[in-house]
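Visitor: In my numbering, the protein residues as written are 1 to 140.
Because the hints were derived from the structure by calculation, they are not lab data. Please read these numbers as outputs of a predicted model, since none were measured by experiment. Don't take each hint at face value.
Stated by the list, open to error - Pairwise CB distance ranges (calculated):
no.: 1; residue 1: N11; residue 2: H71; range: 32 to 42 Å
no.: 2; residue 1: I117; residue 2: P64; range: 31 to 41 Å
no.: 3; residue 1: L18; residue 2: G119; range: 31 to 41 Å
no.: 4; residue 1: N107; residue 2: L18; range: 15 to 25 Å
no.: 5; residue 1: G62; residue 2: E112; range: 20 to 30 Å
no.: 6; residue 1: E72; residue 2: P136; range: 32 to 42 Å
no.: 7; residue 1: G114; residue 2: T88; range: 14 to 24 Å
Think of the CB as a built atom: it goes at the ideal place given N, C-alpha and C, for glycine as much as any other residue.
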Amino acid sequence: GRIRRTDCAMNWGNVHRLAIDLARADGKAVADAGEERLRAAIGRAYYAAFCTARDAVEAASGRPLDKDCIHETARTKLKDEHAKLGLTLPVARDLGRLLRELQRLRNRADYEHGAIISGDVTCALDLASQIIAALPRAAD
Numbered sequence: 001g002r003i004r005r006t007d008c009a010m011n012w013g014n015v016h017r018l019a020i021d022l023a024r025a026d027g028k029a030v031a032d033a034g035e036e037r038l039r040a041a042i043g044r045a046y047y048a049a050f051c052t053a054r055d056a057v058e059a060a061s062g063r064p065l066d067k068d069c070i071h072e073t074a075r076t077k078l079k080d081e082h083a084k085l086g087l088t089l090p091v092a093r094d095l096g097r098l099l100r101e102l103q104r105l106r107n108r109a110d111y112e113h114g115a116i117i118s119g120d121v122t123c124a125l126d127l128a129s130q131i132i133a134a135l136p137r138a139a140d
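Produce the complete structure using the sequences and hints provided.
Guide: Structure (structure tokens):
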């Protein structure tokens, strides 16, 4: 059967660490990793940050987010639930902006042909780190 999120607590920090590992080619610098690894690292960084945000706002609001436009809804709910998340409104707005930028990098990595520069990966990993560090984890 289908596994619901409540049946299995996914550790999105581990997914973020996977993104970091993907960006390293056997311990080499990000610039030396293959394009496939770089694209995958950006995607994993985005989903680690997005799912951390989604889980945090769902825990704060006490209900799951509507699946329609869930990525935009998660960013909006960061602002709506900022007090319950222990964030100031300006910080919540900044997190939404960082998440939007990270999603832009993920879309570029997934859908635009052409070279992915190592700076995109470094930026994506940094943005994900900032977002994840600022948010409470639902499992905590």
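Visitor: All hints are to be evaluated individually against the structure, with a verdict given for each.
Guide: Against the structure, the hints come out as follows:
| no. | hint | result |
| --- | --- | --- |
| 1 | N11 x H71: 32 to 42 Å | violated, 21 Å |
| 2 | I117 x P64: 31 to 41 Å | holds, 36 Å |
| 3 | L18 x G119: 31 to 41 Å | violated, 20 Å |
| 4 | N107 x L18: 15 to 25 Å | holds, 20 Å |
| 5 | G62 x E112: 20 to 30 Å | violated, 38 Å |
| 6 | E72 x P136: 32 to 42 Å | violated, 21 Å |
| 7 | G114 x T88: 14 to 24 Å | violated, 39 Å |
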